[in-house]
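Chain by chain, the residues run as shown.
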Amino acid sequence: EAQVTQNPRYLITVTGKKLTVTCSQNMNHEYMSWYRQDPGLGLRQIYYSMNVEVTDKGDVPEGYKVSRKEKRNFPLILESPSPNQTSLYFCASTRGLSTDTQYFGPGTRLTVL
Amino acid sequence: QKEVEQDPGPLSVPEGAIVSLNCTYSNSAFQYFMWYRQYSRKGPELLMYTYSSGNKEDGRFTAQVDKSSKYISLFIRDSQPSDSATYLCAMSGERDDKIIFGKGTRLHILP
Chain Z
-9 EAQVTQNPRY LITVTGKKLT VTCSQNMNHE YMSWYRQDPG LGLRQIYYSM
41 NVEVTDKGDV PEGYKVSRKE KRNFPLILES PSPNQTSLYF CASTRGLSTD
91 TQYFGPGTRL TVL
Chain A
7 QKEVEQDPGP LSVPEGAIVS LNCTYSNSAF QYFMWYRQYS RKGPELLMYT
57 YSSGNKEDGR FTAQVDKSSK YISLFIRDSQ PSDSATYLCA MSGERDDKII
107 FGKGTRLHIL P
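From first to last, the protein sequence lines stand for chains Z and A.
Just so we're aligned: 0 in the numbering used here is position 10 of the first sequence, and the numbers increase by one with no gaps anywhere.
Just so we're aligned: 23 in the numbering used here is position 17 of the second sequence, and the numbers increase by one with no gaps anywhere.
To be clear, the hints were calculated from the coordinates, so they are not data collected in a lab.
Treat each hint with caution, since some may be false.
[Stated by the list, open to error] Here are the computed lysine-lysine pairs in the PhoX-like style, where the Cα-Cα straight-line distance is at most 25 angstroms:
| hint | chain 1 | residue 1 | chain 2 | residue 2 |
| --- | --- | --- | --- | --- |
| 1 | Z | Lys7 | Z | Lys47 |
| 2 | A | Lys104 | Z | Lys47 |
| 3 | A | Lys76 | A | Lys48 |
| 4 | A | Lys104 | Z | Lys59 |
| 5 | Z | Lys8 | Z | Lys61 |
| 6 | Z | Lys47 | A | Lys8 |
| 7 | A | Lys104 | Z | Lys61 |
| 8 | A | Lys104 | Z | Lys55 |
| 9 | Z | Lys8 | Z | Lys47 |
[As the list claims (entries may be wrong)] Some chain Z residues well away from chain A (every beta-carbon gap over 12 angstroms; in silico):
| hint | residue |
| --- | --- |
| 10 | Asn(-3) |
| 11 | Lys55 |
| 12 | Lys59 |
C-beta atoms are modelled at their ideal positions from N, C-alpha and C, and glycine is treated no differently.
Throw the hints in and build the complete structure from the sequences for me.
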């Protein structure tokens, strides 16, 4: 089954404790992306990657890092999480370019205390 | 002015009505326009995608883009309770560029 998976689905952590949210897709898609979704602010793109070793900043990259060492994986790294990074995070992948159909993962709900 | 403006709603309409959802934008470089539907506790899914100005129809859904007015619309005909969801518009300048989403409009179709 074609899908985007994210782990963990739920995470409660404390300020400053480094964490990684994994994202994996099994569709051989080139373009992958991370979003955060907050009430009243909608869906905002954090980082995106057009292919292996090619990443670029989205709208709200501060406080986040990403890497794309393999085509299928695109982890999101929070080196020193802060409470303002409490949010719902979505990973997405696209077969070709950013405007093709994006397949979204199920979401990761992160709470930083 | 925000790059993309979208009324958050909620918008409640009776079953069978025609629904009109809209977004305005300020960046004239946007060329690619998308509508996503998001059910509660789920990730968004792409509904419609259009390039530049014009109309596109897919079943009960019609997307319109008016680049001269910087205004896009999504129409839903014969609305069903299963259409109740949040609808997000999204835009991009180039096909490998970042994507800007509207905040989403919550839609309720009343049986």
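Hints versus structure:
1. Z:Lys7 x Z:Lys47: Holds. Lys7 of chain Z to Lys47 of chain Z sits at ~23 angstroms (cutoff 25 angstroms).
2. A:Lys104 x Z:Lys47: holds, 8 angstroms
3. A:Lys76 x A:Lys48: Outside the cut-off at roughly 29 angstroms; violated.
4. A:Lys104 x Z:Lys59: holds, 20 angstroms
5. Z:Lys8 x Z:Lys61: Status holds; Cα separation ~24 angstroms.
6. Z:Lys47 x A:Lys8: holds, 19 angstroms
7. A:Lys104 x Z:Lys61: holds, 19 angstroms
8. A:Lys104 x Z:Lys55: holds, 16 angstroms
9. Z:Lys8 x Z:Lys47: holds, 20 angstroms
10. Asn(-3): holds, 14 angstroms
11. Lys55: Lys55 of chain Z is indeed farther than 12 angstroms from all Cβ atoms of chain A, at 17 angstroms.
12. Lys59: holds, 20 angstroms
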